[in-house]
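Trainee: All chains should be built: construct the whole structure from the sequences, respecting the hints.
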Amino acid sequence: KAGVTQTPRYLIKTRGQQVTLSCSPISGHRSVSWYQQTPGQGLQFLFEYFSETQRNKGNFPGRFSGRQFSNSRSEMNVSTLELGDSALYLCASSFSGTTEAFFGQGTRLTVV
Amino acid sequence: EDQVTQSPEALRLQEGESSSLNCSYTVSGLRGLFWYRQDPGKGPEFLFTLYSAGEEKEKERLKATLTKKESFLHITAPKPEDSATYLCAVQISGNTPLVFGKGTRLSVIA
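Protein chains in written order, with our numbering: chain A, 38 to 149; chain B, 0 to 109.
Treat the hints with caution; some may be incorrect.
Claimed, not checked - Now the stretches of chain A that chain B is said to cover, found in silico as 3 or more residues with beta-carbon under 8 Å: (1) 82-94; (2) 137-145.
Unchecked claim - Some chain A residues judged to face chain B by a derived CB distance under 7 Å, without partners named: (3) Pro76; (4) Leu127; (5) Gly134.
I should point out that these hints are in silico values taken from the structure, not numbers from a laboratory. The beta-carbon is built from N, C-alpha and C at its ideal position, and this holds for glycine as well.
Mentor: Spelled out as structure tokens, the structure:
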């Protein structure tokens with residue numbers, strides 16, 4: 038059974054640019070959540086999508102946005118990148134959001 | 000404010016030296032508590048879910064337990080390959096996001 042796939046694995050962007058990250062969930066999973074992980078703050082929740090609708094949102098600025106497609110694949114976008122956006126971005130999928138969540142390997146974003 | 004605290008922040012063990020990691024939580028209600036293992040540069044790997052006080056789950060050298068205010072991850076006779084960061088997360092009610100602790104970084108020395 039294929040796991041959660043995140044692409045790309047690594048990204049280097051310049052301050053002010055925008056970036057799009059992709060997440061393909063486990064087949065049959067309809068909930069996709071995104072997290073930002075930094076050494077100082079740990080894992081922080083960005084947002085969750087279920088059946089193409091944003092169901093929960095964390096406390097991040099509007100520069101962070103996402104969407105989910107009909108096949109449950111999800112993308113997140115960060116506009117006007119700042120140095121502080123450098124982090125490991127993790128995607129997790131679950132069947133419904135109330136069951137165990139399985140994580141992808143993450144996308145390491147470096148903003149220079 | 001709902002909070003999850005893990006202790007210790009870091010733990011260094013000799014191979015075969017058993018110990019426990021702690022996850023305490025202050026939430027208004029608990030739907031489930033989750034344990035994950037994370038290796039450097041990788042995503043967290045799911046280990047256990049616990050739903051009610053008194054529940055226990057085991058997997059190889061790991062055993063997770065739950066009380067009304069905290070959870071323990073017991074590691075019996077650890078091996079160097081058990082070295083990782085162990086994360087605890089709680090879910091307050093259905094469809095709410097997981098709230099993570101900052102993790103315990105475990106090093107097992109041969």
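Trainee: Please go over all the hints and tell whether each is borne out by the structure.
Mentor: Structure-based check of all given hints:
1. 82-94: Our answer is that it holds, as 5 residues pass the Cβ test (under 8 Å) against chain B, meeting three.
2. 137-145: holds (count 8)
3. Pro76: violated (10 Å)
4. Leu127: holds (5 Å)
5. Gly134: holds (5 Å)
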